[in-house]
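Trainee: Okay, here's what each chain looks like letter by letter:
Number of protein chains: 2
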Amino acid sequence: MTTCADEKPIPTTFGVLLFPGFQALDVFGPIDVLNTLALSKKLNLHIIAETLDPVTTKLPQPNTTGSEFHECIVPTHTFATVPPLDFLLVPGGLGTRAPGLDPTRQFVKNIYPSLKYLMTVCTGSALIAPTGLLDGRSATGNKKLWAWVTSQGPKVNWVAQARWVVDGNIWTSSGIAAGMDAMYAFVKYIWGEEQSKDLAMSLEYERHTDPHWDPFAEYWGATWPLTPGAGSGDGSAGGGD
Amino acid sequence: MTTCADEKPIPTTFGVLLFPGFQALDVFGPIDVLNTLALSKKLNLHIIAETLDPVTTKLPQPNTTGSEFHECIVPTHTFATVPPLDFLLVPGGLGTRAPGLDPTRQFVKNIYPSLKYLMTVCTGSALIAPTGLLDGRSATGNKKLWAWVTSQGPKVNWVAQARWVVDGNIWTSSGIAAGMDAMYAFVKYIWGEEQSKDLAMSLEYERHTDPHWDPFAEYWGATWPLTPGAGSGDGSAGGGD
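Chain order of the listed sequences is Y and F.
Letter by letter, the first sequence follows residues 58 to 298 in my numbering.
Letter by letter, the second sequence follows residues 58 to 298 in my numbering.
Bear in mind the hints are in silico, worked out from the structure with no lab data behind them.
One or more of the hints may lead you astray.
Note that the list lumps identical chains together, so a pair holds whenever it fits in one copy or between two copies.
[Stated by the list, open to error] Distance condition first, Cα-Cα at most 25 angstroms in a straight line; then the derived PhoX-like pairs of lysine-lysine: (1) K99 x K254; (2) K115 x K99; (3) K254 x K166; (4) K115 x K254; (5) K65 x K98; (6) K245 x K99; (7) K98 x K115; (8) K245 x K98; (9) K166 x K98; (10) K99 x K166; (11) K245 x K65.
With the hints as extra help, turn the sequences into a complete structure.
Mentor: Next up, the structure:
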């Protein structure tokens, strides 16, 4: 597990962190790239939550529409039982703004020093920002909720115009679908362009390969420092988190 | 529930069909569009499988890499207990080529007459083709596995160059990621372009809005009728299903 500073560690054991009200595509967009990669490379996945109860995408917050529209995923490990990981994926979701997430944040803070890579998708960066792990680093997150995202980490060098940002071994992606592009970029970084392209062609996905491609920043008025009044959607109606 | 022939029925109750070895993004790409729509419209989702046991993305076929990389989803209903549905999503996945899927096919065949809409993603069209539901209709599916897909429905008017195809109330999409574009197109069809665009901007997804956009057909040599020797990948290495 010890590596020279200039060596690029190859991850084989992946974890994904779940909490109630996570956004499904934040998880399954990037993870399905790896599901497919795992058909040709030996990779392992652990699905981690506070308890072993299935974790729902249902929001902890009250539902104003009366919809019953959610999915439940079965964890394989708790914060206490997860084996060593090379890579941890932290999704976002409207659940990131629910109370009771301190144990989840503490888990990320505790495991980070043993990780080779940490990746967040969407408001996953806002979820972990209070741990201080992103302080002094460049990072990005959901553009519709940019004002809230950035408020979670006043010492972070937030990058408004970015599909994803890499700083050291921490990868942060923009909102929801951006996690797929971040993961294809990560696969390219680790296993090369041919591998990344082959996966994308197999999954019939057109990658955005430029980390600066981000029409959503302008659309939602996301800037850094913040432009007063812009990018301040609270996501309470219409979602997108 | 009775509607005039020229009326466009609005679906509110959705179902997704799961089976072992389904492809995660086939489900969660389209479904997460609806997860988000359900924050502003009253929609319900039922997750349907042969039994109520969690359904794994793990392939029924032997795993040659030694990977343990899969996710398990909790069904809400079995084939026997599912309430009436307006819309059924049928994903694909390498599991479509496992034995024992006759009850799954029979469920789709039995429920179809009561549906307002049926959508397949990827090899989902190949899964249901043996039921005859696609006979005489235009349909598409996974391009890497095109030869196998089309072999499952000799009486289907297969469309090689298509991101998705609509024939009557059956929507079939191309491979994996194409399911997202098909769902955004469906949302546009039902609720209008502004709703579809708002969802895509919130999920930071760049839609392909042209159903004929399909660079993957050429890449994988998918034609109809088949060109001998082309588009005949069996997906046994590198996946993509």
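Trainee: Hint by hint, say whether it matches the structure.
Mentor: Hint check results:
1. K99 x K254: Cα proximity of K99 and K254: one copy only (19 angstroms, versus 39 angstroms across).
2. K115 x K99: For K115 and K99, the Cα distance is within 25 angstroms only across copies (14 angstroms; inside one copy 33 angstroms).
3. K254 x K166: neither (33 angstroms within a copy, 37 angstroms between copies)
4. K115 x K254: Result: close only across copies, 23 angstroms inter versus 34 angstroms intra.
5. K65 x K98: within (17 angstroms within a copy, 47 angstroms between copies)
6. K245 x K99: within (17 angstroms within a copy, 41 angstroms between copies)
7. K98 x K115: between (33 angstroms within a copy, 15 angstroms between copies)
8. K245 x K98: within (14 angstroms within a copy, 39 angstroms between copies)
9. K166 x K98: neither (29 angstroms within a copy, 37 angstroms between copies)
10. K99 x K166: Classified as neither: same-chain Cα gap 27 angstroms, cross-chain 38 angstroms, threshold 25 angstroms.
11. K245 x K65: within (12 angstroms within a copy, 45 angstroms between copies)
In the structure shown, a violation is registered for the earlier hints numbered 3, 9, 10, in ascending order.
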